[in-house]
Amino acid sequence: MPPTTLENATCTFCGCVCDNIGLEADGDRIVKTKRACGLGEAWFKNHTAERLYPDALIDGKPASVDEAVEAAADYLYQANMPLVYGLSNITCEAQRKAVALAELVGGVVDSHTSL
Amino acid sequence: MLRISGGRVYDPANGIQGEVKDICIADGRIVNDVQGAAVRTIPASGMVVFPGGVDVHTHVAGAALNFARGMTPENHRAAAKFIHSPLLRAGTGGITPTTFATGYLYAGMGYTTVNEAAVPILSARHTHEELRDTPIVDKSSCVLMANNEILLDLFEEGETERARDVLAWLIWAAKGYGVKAVNPGGVAAWKWGKDAKVLSDPVHGYGKVTPAIIIAQLAAIVDHLRLPHPLHIHCNNLGVPGNVSTTLETMRVLEGHRAHMAHLQFHAYGGDDWTTLRSEAAAVAEYFNAHPNLTADAGAILFGNSVTITADGPWQHLLYQLTGRKWGNLDVENETGCGIVPYVYKGSNVVNAVQWAVGLELLLLIDDPWRIFLTTDHPNGACFWRYPEVIHLLMDASFRRECLRKLPSRALKRIVLPDVDREYTLSEIATITSAGPARALGMPRKGHLGPGADADVTIYNESPDRGLMFRHPRYVLKGGEVVVEEGDIRKVVDGRELIVRPAYDENIEEYLRPLFEQYYTVAFENYPVEQERLEGADIRELG
Amino acid sequence: MGGKVTCTLGEVKNRADLIIYWGGNPADCHPLHFSRYTLNAKGKHVPQGRKGRTMVLVDVRETPSVRFSDIFLQVRPGKDFEVVTTLRALLKNRPVDEARVAETGLTLEQLQNLVDRMKNARFGVLFFGMGLTMTRGKHMNSAAVLTLVAELNAFTKFVSMPMRGHGNVTGADVVMRWTTGFPFGVNLSRGYPRFNPGEFSTIDVLVRGDNDAALILGADPGATMPQPAIDHLARIPTIVLDPKLTHTSRLARVHITTATTGISAPGTAYRMDEIPLPLKPILKSPYPTDEEVIRRIYEKVKVKPAWSPAAYAKVPCA
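Chains as they are written, first to last, in this note's numbering: chain P, 1 to 115; chain Y, 1 to 543; chain H, 1 to 318.
Extracted from the complex, chain P is given alone in its bound form (with noise of 0.2 Å):
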């Protein structure tokens, strides 16, 4: 796969979310930054599209995506009061869904600012 550019990414890493990187891409990795930090390029160089985990697991076996939402819906939808934490490392519209999620389920929702 021949590199791909992009100018002006985004970086997540830690609050100042700067977002003026230029990243260059090899295939299913990030070969070279532009303004990043050392913490930014180690960012973005550590996260490939590499397959190195499986899919998902269920009870430390591998299974299918499809099954584990299956079992998480289940979960999530027998318990009481489910909890729903994180959030600080996905994106915005995934923390909407997140709180719907939540809503629907019952549970408490809450991120790292709690700690």
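Each hint should be verified, as a subset may be incorrect.
[What the hints assert, rightly or not] Below, in silico cross-link-like pairs of lysine to aspartate or glutamate (EDC-like), each with a Cα-Cα straight-line distance of 16 Å or less:
| # | chain 1 | residue 1 | chain 2 | residue 2 |
| --- | --- | --- | --- | --- |
| 1 | H | 280 | P | 7 |
| 2 | Y | 208 | Y | 156 |
| 3 | H | 44 | Y | 149 |
| 4 | H | 244 | P | 55 |
| 5 | H | 284 | P | 55 |
| 6 | H | 42 | Y | 517 |
| 7 | H | 302 | P | 74 |
| 8 | H | 244 | P | 50 |
| 9 | Y | 326 | H | 151 |
By construction, these hints were calculated from the structure, which means they are not laboratory data.
On the provided structure of chain P, position chains Y and H as indicated by the hints.
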């Protein structure tokens, strides 16, 4: 297809004042007639039929309001609760409702279109995210321009033509609808802790540019670009005793241009200080009545809890010093600022009592209901869901007198409301809540019930208790769908965003880019809101 | 006083001549903060950049940020609140006890000098980090700093800003505020949002064992939380969505691998000053995005019978 049969229809835009007639709907629009077995009939005899309400000036989404939500958790605890159901999202009501609750509350009151009145371009993406989560109602937004330093620098240089292209580019970058001016020059000065109090004095940090120049230039550009909504202006010296002179001067500067004067109540005070503050609504109304180039909204206040949110940073610092309560301030680089101070209006407080009267006086003394609209500058004067209380006060002079009796006697000497006997008719209420604001916003498919209009319709049980009648519509239709029935939300539809794309010289980007890289902290390419972000937006291209 | 007097980072870049960092080490933790937004940036009204600005660092220990500062004030650990309170008193010309001031590790002279600098700044900014907000005093320290800055506005233009850490933690605050009214720790178990920090905050919920399932999104409490909280997560059905297999994944019943935010998942993230920025992915992940997986879980739950007061009404009462 749907037929609303036998209601008394108030459709001021089409000259219909209480005639009994059917309203027919197909494909989300009003049509002349519908036939056949598939037609649902809503029997509306004995009921009153209005076009859906249009709010010309409200603050329901974006960085400032969301800041206020975070600052007032104690209010959410006391507020009405919106309980999750298979149909509805959870939320809290109160003085700064959550986005979903905002949509339900507006629809529940029969309002189907709202104009978010203050959007910084830099955080416009945030405003649109919230508007997407505000269901049922259609939405437009006004973009803050009167303290934009790139524009102010161009005015300083006398580069009017380039300013025009920049402004047009900025509206499209924000995916906005209109242009808002807040305390022209004053917010830019606030970045240094100063204000702009005299329209003819240069703005702090500038040699030539004055608030008057900013106002005149912006009004001229908005007219030149033929934006559907005129310049939407919040005058200098908001809330300050004696500010009537600034307001009248602003209106004189605007002669020859269209303009919308926002929350006029906060700008119609006489006196020299808080102890001598008095109503100057009569003087404002007299000038206003003689100048048909202007429209206005009331910005009425009601007694009770509120949170004041405005791009007028210096005023909010003053209010913080006066109240000693919470103060939020958020200055936005190169563009604007905003201040947030929770406030309680009390009937026993002479100043608040005068403010209460001024809002009503303006609504009653301005004689053309097509030019003055019902607002409370939500959440500044009161929450939007209290509009029915204002309607009650406007329609019932004896109720008004009853309320006046509860005010401190010192307040009564400073207002003219006790001498005003006018009572609004139903047709006039339909005008100030729907037909008028729709026309001022330049939305030809809103605010009326003629063929081709969006089928946004509100049906009330007629009642002598006007507060009750307008609080609880019997049916509300949005785009032909029955969304409210018997006081309950029955269906949740997505509202659309209304957006304007003015024409501009594409080369303006080459002018802006280097300035931008110097002054801003985000990449130029990441500044404009992406069009694909806005699903189902209604984009109007201007030639 | 409550609230916050703040601004976007460009205001600092364009105007600030006095920059205070308190309880943080930006040189290591926010490496581009100095050059993009604050100290070294050339701004509209500070065209000379670094030369036009004074930087004060307040911290309990020497960090690599010290060499960027003009003035370093080393506070004794746990004494931040006392220092801020003394500054507020000096600002109002109120008497202070020198012996009490000495307990903070700083001298009255140093603090008076700082107050003078603050009052005489043209535009001052105070950034505060976890060294202030996560140590003795916690939110009391934040409140004290926010109040100090608000009060400084009687003299000059002054703003403050927390140095938020994790990439999009600010986005989580923003989204929760507009959807529920509250910024974090929101309990929806009654069907409407309730907020009570200390009761509905994750650690409290976990340590008490209140929750009977957990969905962990892009976080690794299994590596960072107190042991009783981790034990509870292992006891209940825990579900993890993460681009990697984390400590928490290993104790979870369900793990789903997701695309990495901003690298292979598109969307929006908020900067520490609440400016939303677009995320444009450059890689195509073999895994679905968090957004997609959460949506699919939502849809699976949504088709199940809704819980409602009516459902509980069928349970006979004693």
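Can the restraint linking residue 284 of chain H and residue 55 of chain P be considered satisfied, given a maximum Cα separation of 16 Å? At roughly 15 Å apart (the allowed maximum being 16 Å), residue 55 of chain P and residue 284 of chain H satisfy the hint.
When you check the alpha-carbon spacing of residue 280 of chain H and residue 7 of chain P, does it fall within 16 Å? 10 Å, holds
Residue 244 of chain H and residue 50 of chain P: Cα distance at most 16 Å? Holds, because 11 Å separates the two Cα atoms, which is no more than 16 Å.
Given the proposed pairing of residue 42 of chain H with residue 517 of chain Y, does the C-alpha separation stay at or below 16 Å? Holds, because 11 Å separates the two Cα atoms, which is no more than 16 Å.
Check whether the Cα positions of residue 208 of chain Y and residue 156 of chain Y lie no farther apart than 16 Å. 6 Å, holds
Are the Cα atoms of residue 326 of chain Y and residue 151 of chain H separated by 16 Å or less? 12 Å, holds
Assess, step by step, whether the Cα of residue 244 of chain H is no farther than 16 Å from the Cα of residue 55 of chain P, and give holds or violated. 10 Å, holds
Does residue 44 of chain H pair with residue 149 of chain Y here, judged by a C-alpha cut-off of 16 Å? 10 Å, holds
Is the straight-line distance between the alpha-carbon of residue 302 of chain H and that of residue 74 of chain P 16 Å or less? Distance of about 11 Å is within 16 Å: holds.
Checked against the numbered hints listed earlier, the structure breaks none of them; every hint is satisfied.
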